[in-house]
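**Q** Chain by chain, the residues:
Protein chains: 2
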Amino acid sequence: MVSKNQIKLITSLQHKKYRNEHQLFIAEGVKVIQELLVSNFVLEHLFVTEAIFEKISPSQKTLIPATDMKRISALTSPSSSLAIFKIPKPVEREEKGLIVALDDIRDPGNLGTIIRLCDWFGIKQLVCSKETVDLYNPKVIQASMGSISRVNVSYLDLNEFVSNTSLPVFGTFMDGKNIYKEILPIEGVLIFGNEANGISSTLEKIIKNRIAIPRFGDIQKTESLNVATATAIFLSEFRRNTL
Amino acid sequence: MVSKNQIKLITSLQHKKYRNEHQLFIAEGVKVIQELLVSNFVLEHLFVTEAIFEKISPSQKTLIPATDMKRISALTSPSSSLAIFKIPKPVEREEKGLIVALDDIRDPGNLGTIIRLCDWFGIKQLVCSKETVDLYNPKVIQASMGSISRVNVSYLDLNEFVSNTSLPVFGTFMDGKNIYKEILPIEGVLIFGNEANGISSTLEKIIKNRIAIPRFGDIQKTESLNVATATAIFLSEFRRNTL
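Those sequence lines, one after another, are chains V and U. Count the first sequence with our numbering and you get residues 47 to 289, in order. Count the second sequence with our numbering and you get residues 47 to 289, in order.
It cannot be assumed that every hint is accurate.
It does not matter which identical chain is meant; a pair holds if it fits inside one copy or across any two.
Pairs of lysine-lysine, DSBU-like flavour, derived with a Cα cap of 35 Å [unchecked claim]:
id, residue 1, residue 2
1, K116, K63
2, K63, K77
3, K254, K77
4, K54, K116
5, K50, K101
6, K251, K63
Source of the hints: derived by calculation from the structure; they are not laboratory data. Note that the coordinates shown come from a computational prediction; the quantities given were computed from them, not determined experimentally.
Working from the sequences, and respecting the hints, build out all of it.
**A** As C-alpha cells, this is what we get:
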C-alpha cells in the first residue's frame with residue numbers, strides 16, 4: 047500500500063520546486079528504471095504492481111495494487127513500476143570535445159530526445175540556459191531512456207558561457223551556411239534555440255558561425271524542422287567523419 | 047454554438063472507422079489549418095473561438111465559446127480553431143526517386159515527424175504497411191504541420207511492394223553496414239521498422255541492403271535511436287550529396 051504521505055511526496059516530485067527541495071526525482075517504466083539502476087543512480091524507493099526487480103531488497107521495494115499506481119503515476123497509462131531516485135551531485139563540467147548548448151528548449155520530449163542523441167553520438171557535455179526545461183522533469187526522464195546517466199547536463203548563464211569559451215561556437219539558424227559544405231571541427235559548441243523563437247537575439251550577436259540544414263524541396267514551404275530532428279542531423283554531420 | 051450532432055460527428059472523427067465512413071478529418075491550431083487551406087485541401091467547416099480566418103465565408107465558419115471548443119477538441123489544451131477537411135482522393139503513386147517505406151509505425155507523433163522530414167528532404171512518396179498508424183489521425187496531422195499536402199502517402203502490402211519494385215531496397219537495422227561509408231543511390235526504397243520490433247522478419251528476408259547509423263559512444267549502451275530521429279539522419283545521408 048502507498049500511504050497518503052507517500053502519495054503527496056511522489057506527486058509533488060512532478061514539480062521542479064519540490065524535486066529541488068527533496069533532491070529526488072521519479073522514473074517510470076521497467077526499461078528506464080533498469081538503465082538508471084545499472085548506471086549508479088541511487089534508488090530511494092521502488093513501487094511495483096507485480097513481482098519484478100528481484101534484486102532490489104524488500105526494504106526498498108513495495109508491491110502495490112494498480113489502483114495505487116494510478117494515483118502516484120504521472121502517466122496516462124501507468125506502467126508496472128515507478129522509482130524514486132536521488133538527484134546526483136553535479137559533475138564538474140569539462141570544456142572540451144563537442145558541447146551541445148540549448149537556448150531555452152521548453153518541450154520535455156525534445157530535451158529527452160536530445161540527451162539520447164548526445165549519448166548516441168558520444169557527446170558528454172550538454173549545457174542549457176536556465177530557462178530550459180528541467181532535466182529531472184518526468185517526461186524528460188521518460189524520453190531520454192536512461193541516457194541521462196552518460197551525458198553531463200549543466201544549467202548556466204548561456205550568454206556568459208558562450209562569451210568566455212575558447213572553443214569555436216556554431217549557432218543553428220534558418221539562414222545559416224549549408225552544413226553539408228562546411229568543414230566542421232571535432233571540438234566546438236553547437237547551439238540550438240527555442241522551439242518557437244530560435245536562438246535569442248542577445249546570444250545571436252556573439253555567435254560567429256551560422257549554420258543551417260538546407261531545404262531540398264519546393265521553395266514555397268515555410269515550416270522548419272522540429273529541434274530534435276534538426277539536432278539529429280547536425281550531430282550526424284559533426285560526427286560522420288570522426289569514425 | 048455547436049449542435050449535439052456536430053459534437054457527435056467531430057469527436058467520431060478521432061477514430062479511423064468514422065473518418066473513412068464520412069471521408070472527413072480534423073485539424074487543430076491556426077498554423078496547421080492555414081497550411082492545409084493554402085494547399086488545396088477542401089474545407090468542410092471551421093470552428094473558431096475568436097475572430098480569425100477572415101477570408102473564410104460565414105457559411106463555412108462558426109464562432110463558438112471556449113467551453114464548446116473543449117467539447118469538440120482532441121487536445122488537452124484546445125487551440126482557438128478546429129477545422130473539418132475532406133479526405134482527398136488518393137494520388138497515383140509514382141515509383142521513382144527516393145521512396146520512404148514504413149513497416150508498422152504505430153506512434154502518430156513519429157509518423158507526423160517522418161512526413162515533415164520527407165517534405166524537408168524533397169521526398170514525394172511515402173509508402174506504409176497497412177498496420178501503420180492512419181495518416182488522418184489528429185495527432186499525425188498535428189505533428190506533420192501541413193507537410194501532408196506535399197507528400198503522397200499510400201497504404202499497401204509492403205511485402206508485395208518490396209518484392210516487385212525495380213528500385214534498390216535499403217533496410218535500416220541495428221547491425222547494418224555503416225551508413226557513412228556506403229555509396230547511396232539517388233533512387234531507392236528506404237525502409238524503417240516498428241518502434242519496438244524493427245522490420246518484420248518476413249520483410250527482412252527480401253531486403254538486400256542492410257544499413258545502420260553507427261554508435262559513437264561507449265560500447266555497453268543498449269538503446270536504439272527513436273525512429274523519427276533515425277529517419278532524420280538516414281534522409282540527411284541519402285540527400286547530402288545531391289544538393
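**Q** Would you mind marking each hint as holding or not holding in the structure?
**A** Going through the hints against the structure:
1. In this assembly of identical chains, K116 and K63 lie within 35 Å of each other by CA distance both inside one copy and across copies; the values are 23 Å within and 30 Å between.
2. For the homomeric pair K63 and K77, the shortest alpha-carbon distances inside one copy (27 Å) and between copies (34 Å) are both at most 35 Å.
3. Proximity of K254 to K77 under the C-alpha cut-off of 35 Å is restricted to the inter-copy arrangement: shortest distance 32 Å between copies versus 41 Å within a copy.
4. In this assembly of identical chains, K54 and K116 lie within 35 Å of each other by CA distance both inside one copy and across copies; the values are 13 Å within and 29 Å between.
5. For a Cα distance limit of 35 Å, the shortest separation of K50 from K101 inside one copy, 27 Å, qualifies, whereas the shortest one across copies, 55 Å, does not.
6. Only within a single protomer do K251 and K63 lie at most 35 Å apart by alpha-carbon distance; the minimum there is 33 Å, versus 53 Å between protomers.
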